Structure formats: structure tokens, C-alpha cells
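Chains X and Y are the protein sequences, given in the same order. Note that our numbering numbers the first sequence so that position 135 is 186, with each residue one more than the last. Note that our numbering numbers the second sequence so that position 70 is 124, with each residue one more than the last.
Derived by calculation from the structure, the hints in this document are not laboratory data. Being a predicted model, the structure only gives us computed values, none of them experimental. Honestly, I wouldn't trust all of these hints.
Said to hold, decoys possible - Covered stretches of chain X (in silico footprint by chain Y; criterion: 3 or more residues with CB under 8 angstroms from a CB of chain Y, positions within the stretch not fixed): (1) 280-286; (2) 289-301; (3) 349-357.
Said to hold, decoys possible - Okay, the calculated beta carbon distance ranges per label pair: (4) X:Glu56 / Y:Ala71: 38 to 46 angstroms; (5) X:Val293 / Y:Asp156: 53 to 61 angstroms; (6) Y:Val100 / X:Gly87: 39 to 47 angstroms; (7) X:Leu274 / Y:Tyr91: 47 to 55 angstroms.
Idealized CB from N, CA, C, for every residue including glycine.
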Amino acid sequence: MITLEDDRLVFRFPEVHKDARCAIEFQRTLRIPDDGLDYPLPPGMGRFPLRHLDDYARRMPTDWLRRGGVLMPMHQAEAMWINFDCRGYPFAVKIATGKVCALTGETWMNHLNTDPQDYAVLPDQPWLDGYCVAQGIVRQFVAMPLGQGYTVEEQLTGEAQHGGLQLIAYPMKAERYEEMMASVIAGAPLPDADASPLVKSTSMGLAPGGRMRQEIYDDDYGLDAWDQRHASRCFVTIANSVQWMALTGERPPTEAPTAREYTSAGLPWFDYFGGDLTAIAETDKLRGIASVAEMGAANGESPLPENESAEVERVISLRRPGSNQVRELPADSTAAG
Amino acid sequence: MTQFGTYVNTARRSLQAHDRRYSLRQVAGRIGVEPGYLSKIERGQVAPPSEAATVRLARELDEDPDVLLALGGKVSSDLQEVIRKRPRLFAQLIRELRDAPDHAVLRIVREVRDGDW
């Protein structure tokens with residue numbers, strides 16, 4: 052089951068195990084320059100708001116309402132990353148945009164695959180910032196309107212049908228978790244269809260932005276560890292700021308500062324070291340996708356405002372979970388918009 | 055030590071073992087109380103702090119604010135407001151669920167609806 056708590060999607064599987072719980076949230080962040088250079092990880096600037104789609108059923112386009120799930124606002128060309136909060140019970144989580152897997156580029160499937168691996172393993176994977184385009188490199192998730200050809204969905208399927216973001220989480224099998232915990236204790240390693248919608252149903256999709264260093268870790272547990280009889284999934288519809296205000300009556304969050312503004316203010320970027328974990332490699336499909344800036348240049352367009360390179364000097368290194376280190380803008384900072 | 059103080063002390067020390075920013079002094083500074091006061095809270099020498107300070111402490115230690123408030127003998131003001139608006143309904147609901155197992159309680163919470171996609 053999934054509940055919406057304080058702008059987080061909380062996945063619980065009490066029928067599997069009392070500890071089977073994880074939360075997923077979407078962090079606002081600055082858009083890293085899409086200039087061919089590899090950047091460290093940008094900061095988190097707070098959660099994007101999430102709302103039940105059903106709460107605005109009378110105003111909602113019927114094709115959005117049919118999907119269920121939640122609504123999230125993003126400005127055009129705004130970036131985000133996905134934060135996984137998992138306190139110890141392992142999960143396998145698939146992430147897709149426009150129903151195209153962010154790790155493999157394959158079209159959406161409700162089950163897990165290992166060749167190539169199409170899921171992230173929690174809690175080893177603390178975050179996901181974008182599409183896996185090379186081993187240890189992702190291209191940032193950047194919101195773009197469907198229909199202009201920039202999204203990964205449009206690049207790989209040729210259609211602008213779904214947009215948004217899709218998630219499905221599978222808990223580890225309870226018996227496997229119990230065995231693992233026992234070994235840890237022993238010291239071993241560890242809708243109203245008639246109402247007229249107030250907004251047009253053209254939604255936002257996610258497209259590949261600038262490159263950053265982020266490893267997506269190999270599944271050390273193996274496919275057999277995951278309880279594929281139990282899964283919960285969610286469609287996150289992304290509304291632009293006008294649609295969001297028309298539907299919810301709320302203002303969306305302000306846009307993040309540019310990478311250059313942020314860096315010039317002396318604020319930190321981040322690196323993450325997963326210890327001895329190994330990173331999965333990219334697939335041919337995602338290796339070949341064009342970034343928003345590359346595609347814009349080819350089309351004679353400038354889809355990314357303020358895309359100047361940034362000279363990163365201050366990088367905070369974060370280590371594996373357990374230390375409660377946060378990848379967030381320092382609380383005393385005034386650089387965030 | 056009180057249960058509240060013990061819980062806070064254990065949570066903070068566990069974080070401090072990996073990160074020096076979770077020293078008593080630094081945590082106190084970030085939640086806006088004197089280090090001596092936080093020390094007394096952890097040792098159970100004073101009553102748990104106000105609701106606002108407890109929530110700040112919970113967020114700082116990455117703990118659930120409602121759990122920490124309950125350990126301090128409090129119920130968050132937003133929950134009190136919910137009950138005050140429909141006292142009979144929520145009083146009855148809570149009493150009926152008093153002994154229900156967690157999975158039965160979770161069955162009545164609002165789920166994110168999955169649709170056709």
C-alpha cells in the first residue's frame with residue numbers, strides 16, 4: 052500500500068513484514084549545466100509538493116484521472132532528484148519516465164529484470180538523479196513539455212503519450228530479510244467524467260539534462276530475494292505551474308537558483324561513495340539519448356535558459372547510509388530561490 | 055532518565071558515532087535551545103520540551119515527530135484540532151481501533167489510488 056504523508060510516498064507491506072516500509076520523495080534542485088562536463092551531485096532544496104489526483108477530480112482531464120496516483124508541479128526546464136528513505140528493510144524499486152525505464156531505456160514492465168538490471172536496490176541506493184547514460188554517470192531529470200521531442204519517452208518510443216514518472220516497489224522476501232537480520236545479529240556482514248476539465252491534458256515529461264557522477268548499484272542480493280507477489284506502484288503526473296495553480300489553487304515552489312548562482316555563493320555540491328558496491332553499466336538505448344541542450348542546438352532552439360558552465364570548488368563527500376548525512380542546502384544559506 | 059530522554063540520547067549518540075555534527079552542543083544550537091537544557095532533557099532532569107521544540111528535535115534526529123511527542127506525553131496540535139472538529143466521530147474511531155493490530159489500522163488509511171496506465 053502507498054500513502055501520501057507530508058509530500059512523501061510511503062510504501063508499506065504489512066502483509067509481508069512489519070518492517071517492510073520505505074518512503075520516496077522528489078527533491079527540488081538546481082539544474083546542472085548541460086555542457087558535456089561531468090558535475091558532482093547538486094543539493095536538495097526541499098520536497099516538491101504532492102497531492103492526490105482524486106482530490107481535484109472535477110477539474111482533472113479524464114486521461115490523467117484514469118491513471119490514479121499523485122500530482123506534482125514542475126516548471127519547464129526545472130530539475131529534480133529522487134530521494135529514497137529506507138531504514139533497513141531492503142526494497143527493489145523501478146523508476147520510469149513516460150513509461151520508459153530510467154536505468155535501461157526499456158518500456159515499462161511490472162516485473163523485475165536483471166539482464167540488464169532495471170531497478171535500484173534500497174537502502175544501498177540513496178538517490179537517483181537521472182538516466183543512467185554511462186557507468187557511474189547519469190543525465191539529470193529535467194522537466195520538459197510533451198510534444199516537443201525532448202523527453203526520453205519521445206526520443207525512444209517516438210510518442211508523447213504518458214509523460215510523468217512511474218514507480219513500483221517490491222519488498223524483500225520476509226524469510227530472506229529474517230535470515231539477513233539473524234546473520235547481522237550474529238555478527239556477520241551485513242473521477243467525475245462529466246465535469247469539464249479546467250486544464251488541458253498536455254502534461255510534462257522528463258528529459259535528460261546535464262551529466263553528473265552518480266553510480267547505480269548492482270543488486271548484490273539477486274533477483275530471488277525480492278517478493279514479486281507483492282508490489283505497489285504509482286503514477287506521478289507532472290503538471291506545469293499554470294496547470295498546478297488551476298487545479299489546486301496553490302502556488303508551486305519558486306524556481307531554484309542557477310548552478311552558477313549557487314556555486315558563486317560558495318555553497319557545496321556533493322559526492323557519494325558506496326564503498327565496495329559495484330555500479331551497473333548503461334544500456335545501448337540510454338547511451339544514445341540526446342540531452343536537452345544537444346537536441347536544442349540541433350533544432351536551432353534554446354530550451355534551457357541560463358545554461359552557463361559552473362566551476363565547482365566545494366564538494367562534500369558523503370558515505371554509505373547510517374550516518375544520517377544530508378544532501379541538502381545548508382540551513383543558513385540564502386542562495387535558494 | 056525518562057523514556058523521552060533515553061530515546062533522544064540514544065538516537066543522538068547513534069548519529070554522533072558517525073557524524074560529529076550530532077554533538078550535544080551542535081544539535082542544541084540547531085534546534086534553538088541551550089546545550090545545558092538539552093543535556094537535562096536527555097538525562098530526564100526536566101520535562102520534555104514544548105511541542106515546537108520536540109518537532110524540531112525530531113526533524114534534526116530524523117525521527118517521527120508524532121512518536122517523539124507521544125514519548126513526551128503530548129499529541130500534536132494539528133491532531134488535536136482534527137479531533138476537536140469532529141470529537142464524537144474521532145473519539146469513537148480511536149477507541150474502536152485501540153486494540154486493533156497495525157495492519158488492521160493501516161487498512162483504513164487513505165491509499166494513493168493506482169489506476170490504469
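Status of each hint after checking the structure:
1. 280-286: holds (count 4)
2. 289-301: violated (count 0)
3. 349-357: Three-residue rule not met by the region 349-357 of chain X, so violated; n is 0.
4. X:Glu56 / Y:Ala71: 38 to 46 angstroms: violated (28 angstroms)
5. X:Val293 / Y:Asp156: 53 to 61 angstroms: violated (42 angstroms)
6. Y:Val100 / X:Gly87: 39 to 47 angstroms: violated (58 angstroms)
7. X:Leu274 / Y:Tyr91: 47 to 55 angstroms: holds (52 angstroms)
The structure is inconsistent with the numbered hints 2, 3, 4, 5 and 6, although it conforms to all the rest.
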